[in-house]
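Undergrad: Sequence:
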Amino acid sequence: MFDMRDLKQGLEWIEGRTKITIEVCGNNIDIHLYPDYPSEKNRVSLDLCIVYGNRVWVRDLLGNGFSSGIQNKGYGTLLFNIGIQVIYTYFGIAQGNPEANNILVSGKTSSVGDPGNEPAKSECRDRRNGFWSNFGFKLKEPDGFFTPMKAKLSELHARLDGKTENGTLYGLDLEQFWLKGNAPLLFESDIRSLMKLDIESLDLDICPTQDDIEGEWVKAVYWSKIIRKTLFCGLSVVAVYFAFSWLDLLHAFSMSFTAIFICYFLSMYLDERSWRYLPAYKKYNLLQNKRGEIISNARQYIKELEKQHNGFFWRLYQGLRVIDQSLSANIFNEMSEHSKSLYTYFLADRYDDYAKFINMPSITLGLSHQSMPRS
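So the sequence shown is numbered by the numbering used here: it starts at 1 and just counts up by one.
Keep in mind that the hints were calculated from the coordinates and are not lab data. C-beta atoms are modelled at their ideal positions from N, C-alpha and C, and glycine is treated no differently. Worth double-checking, as some hints may not be accurate.
Here are the simulated distance ranges between beta carbons [stated by the list, open to error]: (1) G96 - K8: 20 to 26 Å; (2) N297 - K152: 55 to 61 Å; (3) S296 - C25: 42 to 48 Å; (4) E141 - S39: 24 to 30 Å; (5) D3 - G116: 41 to 47 Å; (6) Q300 - V218: 28 to 34 Å; (7) E141 - K163: 40 to 46 Å; (8) E175 - N297: 16 to 22 Å; (9) D161 - C25: 30 to 36 Å; (10) K163 - V112: 23 to 29 Å.
Below 25 Å or equal to it, Euclidean Cα-Cα: the simulated SDA-like pairs (lysine to any residue) are [as the list claims (entries may be wrong)]: (11) K138 - N97; (12) K163 - L79; (13) K108 - A120; (14) K138 - F66; (15) K150 - L139; (16) K73 - E15; (17) K121 - L139; (18) K108 - F145; (19) K163 - N134; (20) K152 - G116; (21) K8 - S67; (22) K73 - S39; (23) K41 - Y90; (24) K138 - G53; (25) K282 - W217; (26) K138 - S154; (27) K41 - G10; (28) K121 - K140; (29) K73 - A158; (30) K152 - D173; (31) K163 - I70; (32) K73 - R125; (33) K8 - R125; (34) K138 - D114; (35) K180 - E15; (36) K150 - L174; (37) K152 - S133; (38) K121 - Q95; (39) K152 - I87; (40) K121 - D47.
Taking the hints into account, I'd like the entire structure generated from these sequences.
TA: What follows is the structure in structure tokens.
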């Protein structure tokens with residue numbers, strides 16, 4: 001069972017796309033919920049403050065307001081359910097203990113961020129006031145805006161039936177949390193996901209290499225030069241032939257130089273128009289498109305995988321980095337040998353982020369055939 005010392009150290013919980021952190025600093029209790037983990041773009045926060053020794057002030061519940069895009073998704077309910085447990089833990093009493101009658105929890109509803117027009121304004125007020133009333137708070141004006149609310153801790157009750165939009169049960173127990181920094185590196189769901197990966201479906205073995213693509217480009221440039229030189233020589237010979245056939249010697253020389261000059265630019269013009277018909281250029285485009293499609297599929301795959309499994313790659317790499325601060329690009333090869341080629345997706349979607357994390361130029365993490373291990 002957790003106590004005050006544990007709260008000060010910090011607690012965290014991760015499952016699926018939900019991450020929750022609990023931080024206690026002095027008299028302040030901050031509980032944060034990230035509904036799109038590993039992304040921390042969206043965050044819902046419950047701020048509590050201990051005042052006068054035995055009074056808890058609900059300072060704010062923010063991040064899931066009217067314009068947040070994550071309103072009415074169950075995140076506020078989950079947060080305050082956790083908040084009630086944290087308050088009991090903070091004061092060191094068990095739920096049902098008569099001492100809970102001596103602890104007052106109070107606050108004030110806030111309409112900041114609500115729409116200014118009706119009926120949306122009143123709908124937000126009714127939803128908010130109903131939200132707090134359902135936990136056991138008594139509102140001074142049940143139909144009012146910015147109305148005070150209060151309840152004894154013993155009168156507050158969690159709302160356990162249901163779950164958030166991303167699947168986290170309202171009945172999450174505080175005892176399921178870990179001390180901050182002690183979350184497991186791998187979850188059971190990570191192992192199951194590794195076992196089920198269908199590497200072959202992504203066609204990584206037939207992904208064109210960057211060397212192959214650049215090779216076709218070199219061929220296209222080579223044949224382009226041949227064509228341009230051939231056109232230039234051919235057009236120049238024809239122009240000079242007709243100049244000397246139809247004109248006197250002096251005018252023929254003058255016209256020949258002019259014709260050669262014109263033929264040079266004409267050959268360049270025709271060469272540019274002929275690129276699309278070169279077999280090497282066609283193959284270059286084909287390989288480029290094929291490579292882009294395969295890597296795009298890999299990127300989509302890792303996005304879905306990280307959404308479902310708590311940013312697996314990021315946690316794995318962070319853990320390895322803590323163990324060995326000297327990790328270099330070689331770690332990716334080592335990882336691939338132990339994770340069924342997941343390293344390929346690792347690079348495909350996030351290699352720039354990971355390159356910055358280990359302070360390496362992203363060019364060293366470029367996707368090439370040599371860096372794509374087979375399963």
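Undergrad: Quick check: which numbered hints come out false for this structure?
TA: Violated hints: 4, 7, 8, 20, 21, 23, 33 and 38; rest satisfied.
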